[in-house]
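Participant: Each chain is listed here by its residues.
Number of protein chains: 2
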Amino acid sequence: MAGMSFSSLSALETEIFHYIEAHQSDFIEDLKEWVAVESDSVQPHLRKEVMRMMSLAAARLAVLGATVNSVSLGSQQLLNGQHLPQPPVILGELGKDPKNLTICFYGHVDVQPARREDGWKTNPYTLTEINGNLYGRGATDNKGPVLAWINAVETYRALKIAMPVNFKFVIEGMEEVGSLGLEELLEEKQGFFSDVDYIVISDNLWLSKKKPALIYGTRGNACFSVEVEGGDKDLHSGTFGGIIHEPLTDLIALLDSLVDPTGQIQIPGIYDAVAPLTDEEKKLYESTEYDIEEHKNNSGVKKLLYNTKEEILLHLWHYPSLSIHGIEGAFHEPGIKTVIPAKVIGKFSIRQVPYMELSDVKQQVVNHLENVFAKRNSPNKLKVSMPLGAKPWVTDVNDPLYKAARRAIRTVFGEDPDFIRDGSTIPIARIFQTITQKRVIMFPIGAADDGEHSQNEKISRRNYIEGTKVFAAFFLEISKLRGQSNETSNPGTK
Amino acid sequence: MAGMSFSSLSALETEIFHYIEAHQSDFIEDLKEWVAVESDSVQPHLRKEVMRMMSLAAARLAVLGATVNSVSLGSQQLLNGQHLPQPPVILGELGKDPKNLTICFYGHVDVQPARREDGWKTNPYTLTEINGNLYGRGATDNKGPVLAWINAVETYRALKIAMPVNFKFVIEGMEEVGSLGLEELLEEKQGFFSDVDYIVISDNLWLSKKKPALIYGTRGNACFSVEVEGGDKDLHSGTFGGIIHEPLTDLIALLDSLVDPTGQIQIPGIYDAVAPLTDEEKKLYESTEYDIEEHKNNSGVKKLLYNTKEEILLHLWHYPSLSIHGIEGAFHEPGIKTVIPAKVIGKFSIRQVPYMELSDVKQQVVNHLENVFAKRNSPNKLKVSMPLGAKPWVTDVNDPLYKAARRAIRTVFGEDPDFIRDGSTIPIARIFQTITQKRVIMFPIGAADDGEHSQNEKISRRNYIEGTKVFAAFFLEISKLRGQSNETSNPGTK
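As given, the protein sequences belong to chains A and B, one line each in that order.
With this note's numbering applied, the first sequence covers 1 to 494.
With this note's numbering applied, the second sequence covers 1 to 494.
Okay, chain A solo, but in the shape it has when bound (with noise of 0.2 Å):
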């Protein structure tokens, strides 16, 4: 991977990015105006934002000249039984030239619950520059990256330049609860990829505030709904506190017998399926640029668990992990409430990685609650369920897609990015893979400290516009591949 040398730029590329430059406030005005949108796919109420988000999406690729197909997907029972209307999936195509190779590029544009209160020193839904930083809910997670590629392809379009790949769009509204309903559309459209080369994603976020990275690799999700519960209705603490078996001190427990104060995961056989640690991979962490202290720093927090590099890569990359978010039904607001609630439902969510299923991971889960909960002889009901479940991914570095994301990223940033995994989780990287059995790569634009679902999520200026051109060099880049094989033997996940 080694041993390639600077090129200059062409004629060509320079007169893209000149323009890339020149309209860059265009372009950020475009993400304030998506931004603006509260297209906040997990609360019920917010969910007519998203439909409206979907349409601006898809007008914003008609405008470019591709013809947009919005799919709908119909609607999504939630846990309380309520039926709420799903966003539709856009399938959009630009360019039929058979002589050009044909890049899917996958999106969403719904985002993850924000409000001012929760700690934002900006409107989360007011696109604000401060020192270079572009604020709002969405900005890198992930509507950034879709309108850089959009941006990018703009630029072709105006500079009357030939388009040197066909283009074609997913764009989901969905993502951020797990890309309800997507996998099923993707089977039932795989005609529409039998002329795609190759599948990218721009969902996630290098590993360094400063160095390019290109994924090759996610942990899956697997969430989880605790449910324990006792009479019909909240009780007095005091009518009835020392006489009850109190549904939250049962959870309390269950949760408690998660996870250890070093992050060990408590659920026996959890670790069985683990993928083995190859010298290869060992080497490649070794060799990835990262920075614990900036990691930290980007964290808030001040200490980490471990202490080296290799043993912080292994555990966001090669080993699962388990987190509580927070129990519904028990008092949640500032001040006090002496309550005993009736019923309570504790989240928490598993991280997992290659080679362990599902299905098994959610049959450890629940033999494991069901024996802790067995121990205390308690007469409350609990019920454990896994609402959600995506897979892990892992693909091949060495592939003429990765090389041409590499040769982008070297003209644009002068430099070769790290080969690297994300501790998170993008379902459809591993869908897209198997349904399509075409190629996918993860282009990630936005940097370590972009807060994705986070509190004051940003994307640089200098991000979005280089990211901006680096996917504009990339369509250079694929066009070069023609006539090499676009098959590979096995995409490498299971």
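Calculated directly from the structure, the hints in this document are not laboratory data.
The structure displayed is predicted, hence computed values, not measured ones.
Just so you know, not all the hints are guaranteed correct.
A pair counts as met if it fits within one copy or between any two copies, since identical chains are not told apart.
[Claimed, not checked] As a list, the in silico EDC-like pairs of lysine to aspartate or glutamate whose alpha-carbon atoms are at most 16 Å apart: (1) K210 x E293; (2) K210 x D291; (3) K121 x D232; (4) K209 x E293; (5) K296 x E357; (6) K99 x E310; (7) K375 x D260; (8) K375 x D256; (9) K48 x D272.
Model the placement of chain B on the given structure of chain A, informed by the hints.
Facilitator: Relative to the frame of chain A, chain B by itself:
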């Protein structure tokens, strides 16, 4: 306590009871008007409704002919630093006949939070009669009993019967948040109590659905707040899960260390100061009429921690209990959010009993949690506080005051009351006794299944109207105590 014969009603009692029967619709209409005010003192945004409720209550006392003094308490500082105005305390006086004894009635007109979607069958702020029950937030805790007392006084006024006693009133609007500021006010206004003979509190429930009770003791309430803080922002569980010490995992372990599955508190030393169990107390438990099945049905749970009446009463009255109420700062909504919360605050409380000292309990809790936390080697910050501490209370059931109440109950209900304690906390019983050195009685009119603090809180029409009669009869019984000693050597609590 046995051996009293049923007395037939006097002409005066007959006239009074007839009036109350005939005006029950008016009394229910008054309760409906009070329940309609969302005087929730827990949620800051409803504080103005508490204020409005205080004005209504003051106006109602003025109509009785009472002189009313609304004493301002200034403002309350919330945990988040916000300042909220405190509702005033109403001090009312009606009658100053030096030949009469003076009863001071205490009640509160603030309520616990209630929302239809918590599981109410009716709008919690619209008093609704179904099968003889009046459903609404505050119906039994404590607007109904306050109005029953006012109705009883009103009856004498309407019938132009000379008041058999002088009245004083203390009505507050902060009981549900621990009667903040009341203790200091009572100390300042000791002069108000100089001519008071007895203090009546009607803010508890009978032990049974049908059989009246008088209460001679309550548990205290030490409310704790356990804050665990990691970094300065919430994090994505994919990007950071597995390499950081998650604050919520720490908090869950801390909460799980508090109480075992049998309800036994695990904090070292916590039982050291619990009063020894005397034979007299044991006998009182044995003779108390208590239907385990009924109490279990009222709770809505399938199985209690104990199977005998004596064990249950011991654990509600004689021993402390610990309940966990919930967690602030974590994800609490329906659905999924794969967040690692940065700062979480667990809420729990201990109902402590004589002779546990609040300062000792606090120190034991702090020591215990700090020890558990230290063993975890977590870099997160732990902060334990006790935002509310109310002491337990117990008094002498052989006092003439209790005998007078027992006679009034026999007159109206035709049977002797049970002499019981209450597992819950009425801090002002202990406060009134300590500050005024007057005898205090807890004289409930609500039934065991009234659901205070719960969904579908109610008072039955029977309890509300017979409760009004019992208070009216009690005034006559108190007037018969004139000439008897109204000093006790020692009210009996520490």
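Participant: Which numbered conditions among the earlier hints are violated in the structure presented, ordered from lowest to highest?
Facilitator: Numbers 5, 6, 9 - these are the hints that the structure violates, sorted from lowest upward.
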